[in-house]
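Novice: Residues per chain are reported as follows:
2 protein chains.
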Amino acid sequence: MEKFQSDVVIAGIGQTHVGERWEASLRKLAAEAILSALKDSNGLRPGVIYVGNMLAGSASRQANLGALIAEDVGLNGVEGVTVEAADASGGAALRMAYMAVLSGAVDVALAVGVEKATDIIGSDFEAFITQMLDADFEAAQGLTPISLANLLFYRYLHEYSAAHTSFAGFPEIAHANAASNPYAMFQSPLREGVYQAQAAKDEQALTMYDIAPFADGAAAVLVTRGDKLPGGFSHPPVRVIGSSLVTDSLSIHDRHTPLVWDAARISIERACRGAGIMPKDLDFFEVHDATSLHAAISLEMAGFASIGEGWTLAKPEMIGLNGQIPVATFGGLKARGHPLGATGLYQAVEAVLQLRGEAGMNQVPDARLGLIQNLGGMASTAVAHVLSR
Amino acid sequence: MEKFQSDVVIAGIGQTHVGERWEASLRKLAAEAILSALKDSNGLRPGVIYVGNMLAGSASRQANLGALIAEDVGLNGVEGVTVEAADASGGAALRMAYMAVLSGAVDVALAVGVEKATDIIGSDFEAFITQMLDADFEAAQGLTPISLANLLFYRYLHEYSAAHTSFAGFPEIAHANAASNPYAMFQSPLREGVYQAQAAKDEQALTMYDIAPFADGAAAVLVTRGDKLPGGFSHPPVRVIGSSLVTDSLSIHDRHTPLVWDAARISIERACRGAGIMPKDLDFFEVHDATSLHAAISLEMAGFASIGEGWTLAKPEMIGLNGQIPVATFGGLKARGHPLGATGLYQAVEAVLQLRGEAGMNQVPDARLGLIQNLGGMASTAVAHVLSR
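Protein chains in written order, with our numbering: chain A, 1 to 389; chain B, 1001 to 1389.
Don't take every hint at face value.
[What the hints assert, rightly or not] Have a look at the derived ranges for each label pair, beta carbon to beta carbon:
#	chain 1	residue 1	chain 2	residue 2	range
1	B	1180	A	307	54 to 64 angstroms
2	A	104	B	1368	23 to 33 angstroms
3	A	39	B	1137	18 to 28 angstroms
4	A	188	B	1124	38 to 48 angstroms
5	A	194	B	1256	55 to 65 angstroms
6	A	225	B	1225	13 to 23 angstroms
7	A	104	B	1280	24 to 34 angstroms
8	A	225	B	1360	42 to 52 angstroms
9	A	104	B	1045	19 to 29 angstroms
10	A	142	B	1360	42 to 52 angstroms
11	A	43	B	1273	19 to 29 angstroms
12	A	234	B	1368	48 to 58 angstroms
13	A	7	B	1226	23 to 33 angstroms
14	B	1281	A	43	31 to 41 angstroms
[What the hints assert, rightly or not] Under 8 angstroms between C-beta atoms, here's a sample of chain B residues computed to sit facing chain A:
#	residue
15	1066
16	1077
17	1139
18	1249
Note that these hints are calculated values from the structure, not bench results. Ideal Cβ placement from N, Cα and C applies to all residues, glycine included.
Whenever a hint applies, use it, and build me the whole structure from the sequences.
Specialist: See the structure below:
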């Protein structure tokens, strides 16, 4: 929670194509995103690199990514560490960059999220992904993030008398937006009726159309102060006016109710309060739609719907690009893809494109204020940032 | 590199016994250190927790330690993330805490290092530890941190015409200091002559007497501003007057010479410059003695010896508690033990004890200025802090 509005800006963005990037190594993905961001900034040189990553130790047997990536992009010697908070690692890295610039210790900070998730074979993959849950009390019982989300979805439908088919708008709008995002994993709309048909068959369980694909990818942003922008910087600078990171218990059983995600709610409240705005002032919301359930609950936690009514927003007039509160404007986790520790920085890059007015066919009309929220585990970590044109 | 001296202080310390802690889980170790630090501070409550850890994902299948540990110690909801830079993770977490307080975003930051390294079986252990090297260019050739250190040691002896037996003072002094440290893994002196006998046999290779034991443990410090100290705080506050984190290539073959560790050198130069002091002003140096070679090179990089002459300091009158520049005052990595991501915070806790004058039998007389340096991999990451009474 910040006590003052700052002059911190994002002045450089880069991203790679999301997907099964078997041809690209971890360092190659990171370098591609970083070099794009450096070029986009027209001459900034970071004094520190924060790497958002969840799986490199487990899946690539590689620690110390800060040093690895700094050297690989020709920034030899600069400060660099990995920041990890499960699939909120990217958002957490952005927050570190923000705080580093605020502290005055550096003028320019680079936050890069990178993940190689698809080279892992079979049961190892479930074990690696399940690191985001509580190893002693959840994973030990056989839960995985998807099976846990399924249990919660079942409960949600029961508690709030919602029908599975009512969630169709979340993936349908995400896929429609991803169709014009050249970096997205799935650049095609969902065919009409496929969600409904599958949801009618699996009335009480999330289907593949509800669940974001884990993927490879990297995204990067350069954070600096407004007075440090390079001379030839040709984009409208985008200010970071609110920032918050809040934790909750890892285990769902330790919460007062499983369908109210306090960290998601509080992080947005604090980021908005820091920014001096109300959620209703926002022009769009990059939501952490790891599943359709995540989308519904996140909209409730942000205050765009009452508890138990998030699913009623799953319509183009509400969350489409021209709707009341557009979400997943470049496809979200569901259709752009979910490269775990990189996801939070894809959200940041996409929000910057919106606020610069450079979002092309994905542009939210007259976007001036955007919220991005990145969740780790079942919202055990929640990171929220408010960005402003 | 800071531009100004700050009023950042360490006002709470805690540590656990280092060793093979098979009876204690990751969260239990962290909680023990944190609760000690909270008690020691007499009432501080952190707004953020930075967890220094290297192996939890690989070895314990547990990510998101920030959220996990926050809840486990009753700090539900506070900001929390993992900071990773191989075995410099603890030092990196301390630096994050320092910058968070500097930024004004929080009044109190907690840095905790925790590692569970000894539950791992057989060849998995080498693979996990080797994550600190370059997976693609070093580990893929069969190198491990110890085998690489051995190659460098062989080269060092050749280049500088040093004898293996000349390094005896490093472990002997470390063990002598650990004998009166109740938290140390090895609380006994080395028997006279054992190092020499083994070194005479293995003239050109590091022996078990040269290599710090990987271990379990946790250590924590509370960082705040001088004006936020609680009323009843009964210790002399210790100021953080210099802080720096510098990277170098992961692969040794990418450096201009393998025996000059630029990151180690530059991080100390910057931390001392930020503090407005020269290394000769320091009263002690908590060195990252992962091997005897590390101790020798670190002393050279800090400027206490010329290049190639660090080994000449391995004598009580130079580095003993009453020597010119005491090192490893509570046993160092070699005898206190090396709990990887926790090591940098053990160094901080030990330095605070020295500067408070609470080091008991390990007290460096009239200690006013201390340097701590934590290295990640073969000094691919180097973190240096200058602390002052």
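Novice: Does each hint fit the structure? Answer for all of them.
Specialist: Verification of the supplied hints:
Roughly 58 angstroms separates the CB atoms of residue 1180(B) and residue 307(A), a value that falls within the hinted 54 to 64 angstroms. Separated by about 26 angstroms at the C-beta atoms, residue 104(A) and residue 1368(B) satisfy the suggested range of 23 to 33 angstroms. As the Cβ distance of residue 39(A) to residue 1137(B) is approximately 27 angstroms, the hint placing it in 18 to 28 angstroms holds. Checked against the hint of 38 to 48 angstroms, the pair residue 188(A) and residue 1124(B) passes, with Cβ atoms roughly 42 angstroms apart.
For residue 194(A) and residue 1256(B), the hinted distance range of 55 to 65 angstroms is satisfied, since their beta carbons lie about 59 angstroms from each other. At roughly 22 angstroms, the beta carbons of residue 225(A) and residue 1225(B) sit within the given window of 13 to 23 angstroms. Separation of residue 104(A) from residue 1280(B) is about 28 angstroms and conforms to the stated range, judged on CB atoms against 24 to 34 angstroms. Restraint check, residue 225(A) to residue 1360(B): a C-beta distance of roughly 46 angstroms satisfies the suggested window 42 to 52 angstroms.
For the hinted restraint 19 to 29 angstroms between residue 104(A) and residue 1045(B), the CB-CB distance of approximately 25 angstroms keeps it satisfied. Hint check: residue 142(A) to residue 1360(B), Cβ distance near 49 angstroms, so the stated range 42 to 52 angstroms holds. Checking the proposed 19 to 29 angstroms range against residue 43(A) and residue 1273(B) shows it holds: the Cβ atoms sit about 26 angstroms from each other. Between residue 234(A) and residue 1368(B) the beta carbon distance is about 52 angstroms. The supplied range of 48 to 58 angstroms therefore holds.
Checked against the hint of 23 to 33 angstroms, the pair residue 7(A) and residue 1226(B) passes, with Cβ atoms roughly 26 angstroms apart. The supplied range of 31 to 41 angstroms is met by residue 1281(B) and residue 43(A), whose beta-carbon atoms lie about 38 angstroms from each other. Restraint check, residue 1066(B) versus chain A: the minimum CB separation of about 6 angstroms is within 8 angstroms; hint holds. The criterion of a C-beta within 8 angstroms of any C-beta in chain A is met by residue 1077(B), whose closest approach is roughly 6 angstroms, and the hint holds.
At about 6 angstroms, the closest approach between the beta carbon of residue 1139(B) and any beta carbon in chain A falls short of 8 angstroms, and the interface hint on this residue holds. Nearest Cβ of chain A to the Cβ of residue 1249(B): about 5 angstroms, under the 8 angstroms cut. The hint holds.
The structure is consistent with each of the numbered hints, conforming to all of them.
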